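*Asks:* Generate coordinates for the entire structure from the input sequences, incorporating the hints supplied.
These protein sequence lines map, in sequence, to chains Y and H. Each step along the first sequence adds one to the number in this note's numbering, with nothing skipped, and position 246 is 250. Each step along the second sequence adds one to the number in this note's numbering, with nothing skipped, and position 12 is 16.
Treat the hints as calculated values from the structure; they're not laboratory data. A couple of the hints might just be wrong.
Remember, identical chains collapse to one label, so a pair may be satisfied in a single copy or spanning two.
[Unchecked claim] Heads up, simulated DSBU-like pairs for lysine-lysine below, C-alpha to C-alpha not over 35 Å straight-line: (1) K124 with K191; (2) K312 with K124; (3) K124 with K63; (4) K261 with K312; (5) K237 with K101.
Computed from a predicted model, the values in this text were never measured in an experiment.
There are 2 protein chains.
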Amino acid sequence: MQDISKLSAFLENEISTFDFPSQPANLYDPLRYFLTLGGKRMRPILTMLGAELFDVSGKNAVHAAIAIEIFHNFSLIHDDIMDEAPLRRKQPTVHTKWNTNIAILSGDVLLVKAYQEICKQEAKVLPRLLEIFNRTAIEVCEGQQLDMDFETRNNVSIAEYIEMIRLKTSVLLGCALEMGAVVAEAKKEDQELIYTFGENIGVAFQIQDDILDLYADPEKFGKQVGGDVLANKKTLLLLKAYELANPAEIEELNQLKIQSNQSLKIDSTRNLFDKLGIREAARAMMDEHYVIALQALEQINVSESNKKPLKDLADMLLHREI
Amino acid sequence: MQDISKLSAFLENEISTFDFPSQPANLYDPLRYFLTLGGKRMRPILTMLGAELFDVSGKNAVHAAIAIEIFHNFSLIHDDIMDEAPLRRKQPTVHTKWNTNIAILSGDVLLVKAYQEICKQEAKVLPRLLEIFNRTAIEVCEGQQLDMDFETRNNVSIAEYIEMIRLKTSVLLGCALEMGAVVAEAKKEDQELIYTFGENIGVAFQIQDDILDLYADPEKFGKQVGGDVLANKKTLLLLKAYELANPAEIEELNQLKIQSNQSLKIDSTRNLFDKLGIREAARAMMDEHYVIALQALEQINVSESNKKPLKDLADMLLHREI
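*Replies:* Here it is as structure tokens:
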């Protein structure tokens with residue numbers, strides 16, 4: 005098992021030399037731009053770790069790994085249009101720097117490029133890789149649609165919210181790991197167990213994202229603390245608060261939605277959440293998924309040393325402060 | 005070889021029973037709607053004919069055929085956004101009936117569905133099917149980008165225009181046929197020859213589209229005659245006119261661009277084109293591609309009776325009046 009920093013360097017080099025045609029420039033320039041904006045490259049590293057878990061070099065899964073990263077970037081380019089996001093990784097989004105049509109079309113071509121990368125893996129594992137990838141790609145779109153639907157709905161349940169984040173972000177982590185396991189020709193049960201590990205780490209990660217929005221250390225946090233609160237975003241914290249609040253507190257939550265003093269809005273929300281024990285409740289849900297993830301990993305019959313990088317990575321992701 | 009009407013009926017039934025999940029409704033309702041708007045289903049029929057040419061039942065290639073039709077619909081949904089088209093097949097487009105975000109996302113999911121269909125074909129032909137499909141899907145995006153680029157360029161050459169229509173529309177006809185040939189396990193040379201046939205029929209078809217816009221019989225033509233002229237669209241006819249015109253005629257073409265009297269604009273353009281012999285020049289280019297197509301078909305070593313449906317179809321497409 006190679007250490008993560010070496011895999012990461014190898015991968016970054018592969019991505020930086022990824023070859024797009026020069027023409028049409030309006031189609032490929034945005035992709036060259038977007039793919040080098042950086043990011044943690046967490047997903048493709050998971051694919052490589054998924055292979056290494058079963059004693060196969062992560063490099064053997066590099067095309068599947070790049071496909072996952074490319075797919076992730078495709079979904080970001082299109083999501084940024086839908087969310088009207090001006091910035092991504094502190095740089096202008098594609099639809100802002102070019103225009104919406106170019107962002108649609110270059111996103112489309114990127115999705116096809118992801119398939120082209122998968123097809124560079126050995127033919128014998130191709131049907132299974134595509135089965136997992138296709139299913140996941142569809143689920144990610146479903147998750148994005150649910151997320152958009154939730155914006156205009158007032159009765160989103162916590163179960164629906166968890167299902168939305170599972171589809172929108174977590175399944176791709178499971179898929180990334182499972183594709184690595186498939187390249188390593190792991191047993192079907194083990195492929196499914198590593199998928200479950202990734203999926204639940206993903207849900208836990210996303211819940212933590214919601215917690216950090218309000219409870220992160222402003223000194224360490226990369227963005228504004230309370231951003232979700234200001235945007236009246238239906239996060240797990242807010243949904244949980246509505247679930248636990250008494251009628252007077254519900255009225256307070258409703259009033260906070262239209263509070264225009266930003267710091268008062270954030271502080272009052274945090275105070276009310278603290279009274280209701282929201283942070284602890286969310287943390288408990290996060291831990292639940294973390295435990296399911298670790299139990300799945302436990303059941304895979306490989307050495308502890310093979311599992312260590314995945315455990316370390318999960319630990320790092322779930323104890324981050326940014 | 006089954007006749008085309010039987011294949012067409014079989015295919016229509018397969019498409020009409022194509023199963024989308026019920027939820028999220030905002031993701032799948034648009035696809036149910038769009039896929040049943042009809043259309044000639046020319047592309048998937050070509051896939052089935054591509055298999056039958058090599059003595060394999062078209063039904064064996066039905067998943068590849070449906071993938072081609074689904075891909076075509078994906079590209080229409082996204083193109084309609086980019087072109088701000090309100091109608092498709094006389095019905096509201098997806099972005100008009102729902103909204104742009106939904107049209108982007110349901111288009112995305114449809115592209116993945118195309119891959120899911122391809123993956124239902126036998127594993128042994130999968131790598132080759134995907135190789136052709138991926139390449140073509142990328143080319144179609146490139147063609148759409150060139151088409152958008154041309155709108156704001158004043159120096160588009162005829163060669164560039166032909167390359168644009170080749171990418172945007174013709175390669176998909178070649179791909180459709182070739183995938184059928186791959187399912188039938190035809191020789192590589194024969195796969196490429198049937199691709200060349202489809203590609204060149206496609207270019208000829210598209211040139212005829214440009215001719216019909218101005219020269220169709222208004223009684224038989226489904227849309228307004230002269231629509232491209234009114235939109236100042238850079239069609240082959242207009243590009244050819246600029247190539248053949250003398251300085252005074254170029255000035256006349258420039259003036260016609262800003263002519264606000266619609267019927268005068270169309271009639272004057274037609275008169276000038278007639279004087280320059282544009283219709284004949286375009287027809288000659290169309291015939292050139294038709295001949296290349298027939299020559300490619302000629303070289304395939306199968307019986308004349310096997311070739312007949314493709315010859316008939318090509319003949320029908322290129323002698324249509326609508």
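*Asks:* Now tell me, hint by hint, if it's right for this structure.
*Replies:* We went through each hint and held it up to the structure:
Taking the shortest alpha-carbon separations for K124 and K191, both the intra-copy value of 22 Å and the inter-copy value of 22 Å come in at or below 35 Å. When the C-alpha separation of K312 and K124 is checked against a cutoff of 35 Å, the pair qualifies only within one copy, where the shortest distance is 29 Å, while the shortest distance between copies is 38 Å. Within a single copy, K124 and K63 get their C-alpha atoms as close as 13 Å, and across copies as close as 29 Å, so both meet the 35 Å cut-off. In this assembly of identical chains, K261 and K312 lie within 35 Å of each other by CA distance neither inside one copy nor across copies; the values are 44 Å within and 70 Å between.
With identical chains, the CA atoms of K237 and K101 are at most 35 Å apart both within one copy (26 Å) and between copies (27 Å).
Taken one by one, the earlier hints fail for this structure only at number 4.
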